[in-house]
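**Student:** Read off the chains here:
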Amino acid sequence: MYEGAVQDLIDELGRLPGVGPKSAQRIAFHLLAADATDVRRLVDALTEVKARVRFCEVCGNVAESERCRICADPRRSDEVVCVVEEPKDVVAIERTREFRGKYHVLGGAINPIENVGPDDLRVKELMSRLADGVVQEVILATDPNVEGEATATYLARLIGPMGVTVSRLASGLPVGGDLEYADEVTLGRAFEGRRVVGR
Amino acid sequence: MYVSHLSLLDFRSYASVDVELEPGPNAFVGRNGQGKTNLVEAIGYVATLGSHRVASDGPLVRAGAERAIVRTRIVRGDRASTVELEITPGRANRARVNRGQPGRPRDVLGILRTVLFAPEDLALVKGDPDGRRRLLDQLVVQLLPRAAGLLGDYERVVKQRSALLKSLRGLRASGRTPDLSTLEVWDAKAAQLGAEVLAMRLQLVQALRPHVAAAYEQVSDADGAAELGYRSSLEAFSADGAASDAAGGLLPDDVAVAPPSAAVLEQALVVAMAAARPQEVERGVSLVGPHRDDLVLTLGGLPAKGYASHGESWSFALALRLASFRLLGGGGVGTGEGTPETFWDPDLGTDADPVLVLDDVFAELDVRRRERLAELVAPARQVLVTAAVPDDVPAGLMAARFDVTTGEVARAV
Numbered sequence: 001m002y003e004g005a006v007q008d009l010i011d012e013l014g015r016l017p018g019v020g021p022k023s024a025q026r027i028a029f030h031l032l033a034a035d036a037t038d039v040r041r042l043v044d045a046l047t048e049v050k051a052r053v054r055f056c057e058v059c060g061n062v063a064e065s066e067r068c069r070i071c072a073d074p075r076r077s078d079e080v081v082c083v084v085e086e087p088k089d090v091v092a093i094e095r096t097r098e099f100r101g102k103y104h105v106l107g108g109a110i111n112p113i114e115n116v117g118p119d120d121l122r123v124k125e126l127m128s129r130l131a132d133g134v135v136q137e138v139i140l141a142t143d144p145n146v147e148g149e150a151t152a153t154y155l156a157r158l159i160g161p162m163g164v165t166v167s168r169l170a171s172g173l174p175v176g177g178d179l180e181y182a183d184e185v186t187l188g189r190a191f192e193g194r195r196v197v198g199r
Numbered sequence: 001m002y003v004s005h006l007s008l009l010d011f012r013s014y015a016s017v018d019v020e021l022e023p024g025p026n027a028f029v030g031r032n033g034q035g036k037t038n039l040v041e042a043i044g045y046v047a048t049l050g051s052h053r054v055a056s057d058g059p060l061v062r063a064g065a066e067r068a069i070v071r072t073r074i075v076r077g078d079r080a081s082t083v084e085l086e087i088t089p090g091r092a093n094r095a096r097v098n099r100g101q102p103g104r105p106r107d108v109l110g111i112l113r114t115v116l117f118a119p120e121d122l123a124l125v126k127g128d129p130d131g132r133r134r135l136l137d138q139l140v141v142q143l144l145p146r147a148a149g150l151l152g153d154y155e156r157v158v159k160q161r162s163a164l165l166k167s168l169r170g171l172r173a174s175g176r177t178p179d180l181s182t183l184e185v186w187d188a189k190a191a192q193l194g195a196e197v198l199a200m201r202l203q204l205v206q207a208l209r210p211h212v213a214a215a216y217e218q219v220s221d222a223d224g225a226a227e228l229g230y231r232s233s234l235e236a237f238s239a240d241g242a243a244s245d246a247a248g249g250l251l252p253d254d255v256a257v258a259p260p261s262a263a264v265l266e267q268a269l270v271v272a273m274a275a276a277r278p279q280e281v282e283r284g285v286s287l288v289g290p291h292r293d294d295l296v297l298t299l300g301g302l303p304a305k306g307y308a309s310h311g312e313s314w315s316f317a318l319a320l321r322l323a324s325f326r327l328l329g330g331g332g333v334g335t336g337e338g339t340p341e342t343f344w345d346p347d348l349g350t351d352a353d354p355v356l357v358l359d360d361v362f363a364e365l366d367v368r369r370r371e372r373l374a375e376l377v378a379p380a381r382q383v384l385v386t387a388a389v390p391d392d393v394p395a396g397l398m399a400a401r402f403d404v405t406t407g408e409v410a411r412a413v
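Chains P and L supply the protein sequences, listed in that same order. Here the UniProt record's numbering is used: position 148 in the first sequence is 148, and no number is missing along the way. Here the UniProt record's numbering is used: position 413 in the second sequence is 413, and no number is missing along the way.
Check before you lean on any hint, since a few could be wrong.
To be verified - Covered stretches of chain L, as calculated for chain P (at least 3 residues, CB under 8 Å):
#	stretch
1	154-165
2	186-192
What the hints assert, rightly or not - Computed spacing ranges between beta-carbons, pair by pair:
#	chain 1	residue 1	chain 2	residue 2	range
3	P	Asp8	L	Arg91	20 to 30 Å
4	L	Ala15	P	Ile93	45 to 55 Å
5	L	Pro59	P	Asp11	25 to 35 Å
6	L	Ala236	P	Pro17	36 to 46 Å
7	P	Leu32	L	Thr88	21 to 31 Å
Stated by the list, open to error - Some, not all, of what chain L presents toward chain P, calculated at C-beta under 8 Å:
#	residue
8	Arg146
9	Gly149
10	Thr182
To be clear, the hints were calculated from the coordinates, so they are not data collected in a lab. Just so it is clear, the structure is predicted and the values come from calculations on it, not from any experiment. The C-beta atom is built at its ideal place from N, Cα and C for all residues, glycine as well.
Can you build the whole structure from these sequences, using the hints too?
**Tutor:** This is the structure in structure tokens:
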């Protein structure tokens, strides 16, 4: 245990995701040794992010005004909505440049162990977005784990009766990799979802 | 297959040890607490990525050391592979096959197969259902490594569903009407994955039955026929026996008849879950599915648990392990014939005998069972036996003897 402020800082850092006690200690002493202006910049960034960043009224993504950059972009289609768990998933899909529609960020997945139900996610907002009939297709891009699959099933059951096409991202082999390195589950899924390429 | 070389670094009581093993019987003899079991535990770890004694990796690392390394050389047919595992508690373990790049431990599953006999096996007969479920599930994974993911997912779904049921119970207790729409989603997942687990277990039991009956007859004096059955939580909640109507019950009497398919079982699970729902919400527990099932052991028509004598229970436990050994391809018996399609293994024919590990078992058995067991296992490709005193080990298994004293293993001449 260190004294006063140093220990406080270590404790606070240790509460961050992915930071263990050892890393927290390392970061704390790095900050202690760092230039005062560098630390100032970090403090400003932290204050700014809490003060300025809010969540887009439409999709729930991080934004600096009422609407996020993606929802405000007139070049993007309103007919396709891609549903993801977290803002970082939006960034991941954006990197592909494959998708020209809009997003809906749920803010997590259904997880009864963590006491997260549909009411804790932005499900109602999604339903009201679909109400006016503009959206033709909803792509469910939740994580391919137990909780993400359950969330996708839940949403599919809810949206299906509204006459909107619901699709789910495919599971399969990573591109550019070697077949031999794929694990059995992924390879098994890839077999299930194989496509006919000739006859 | 057999293990030709075992070397340990900071594993349990061993700072460093190298042992050259022989095909056929190998006996490790030494007083209690000298580290005999640690040797076979390490070999078991390479086969299953888990210890048969502890659930976490922590105790496997020698006190004061940061990580343990287990290196084995495994010979199968005319091919030898080296498997090296680095066990670092609290971090991801690493595995290396044939001195290649370090990779995920899961990649080594299937290279070495073992069947372990231990004093705790008596609990398979006398103990709670979860031990018997674990026996089935571990066998399924050995036969079909892909099933590990399925079992993990199913367990996770049941945990989530049970958490939801608990919170629904809480809502009801406070006088509100709970919304059941998310429960339906978990029901669907539990039914789908549960049906796959159940289908695999039923196929496994069906394949094990003849082996268990034969093995029991061989280890005991055939005092009554040993039979396997499967009691499913499904049956308790199917109103008019709808589940058991499907293709002549979950487990058809005739071992040649295949049990119901996963699709049929999924339907049955959906129906049973609907019937169980009022009770489930009331108690806040998931009541239907393979996690509530049991492997039923009967002896001459009576349940072994409660009716079998101590000696009979031991015979049954040994028969279960011997049957597993044969199903995995051991003794040239299970060379594919009678093995269900699901567990089809293209490699089964080539030197498939799993390594048999008998950890402190002989001390538990009377002379007659001891000798019978020794006769049955001696022809196996490799048998590893541990015992506190040499007299416990039948002569036929003493071909290669090792003396184990605090952290040292010496070949006795």
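**Student:** Taking the hints in turn, state whether each one holds.
**Tutor:** Outcome of the hint check:
1. By the rule of at least three residues with a Cβ nearer than 8 Å to a Cβ of chain P, the coverage given for the stretch 154-165 of chain L holds, with 7 such residues.
2. Judged by the Cβ-Cβ criterion of 8 Å, the stretch 186-192 of chain L is covered by chain P as claimed, because 3 of its residues qualify and three suffice.
3. One distance hint, 20 to 30 Å for the beta-carbon pair Asp8 of chain P and Arg91 of chain L, holds here, with the actual separation near 28 Å.
4. Range check, Ala15 of chain L to Ile93 of chain P: Cβ separation about 51 Å, and the 45 to 55 Å hint holds.
5. Take Pro59 of chain L and Asp11 of chain P: their Cβ atoms lie about 30 Å apart, and the range 25 to 35 Å holds.
6. Between Ala236 of chain L and Pro17 of chain P the CB atoms are about 43 Å apart, so this pair conforms to the stated range of 36 to 46 Å.
7. A C-beta distance of roughly 30 Å is found between Leu32 of chain P and Thr88 of chain L, which places it inside the suggested range of 21 to 31 Å.
8. The criterion of a C-beta within 8 Å of any C-beta in chain P is met by Arg146 of chain L, whose closest approach is roughly 4 Å, and the hint holds.
9. The criterion of a C-beta within 8 Å of any C-beta in chain P is met by Gly149 of chain L, whose closest approach is roughly 4 Å, and the hint holds.
10. Restraint check, Thr182 of chain L versus chain P: the minimum CB separation of about 6 Å is within 8 Å; hint holds.
Consistency note: the structure conflicts with none of the earlier hints.
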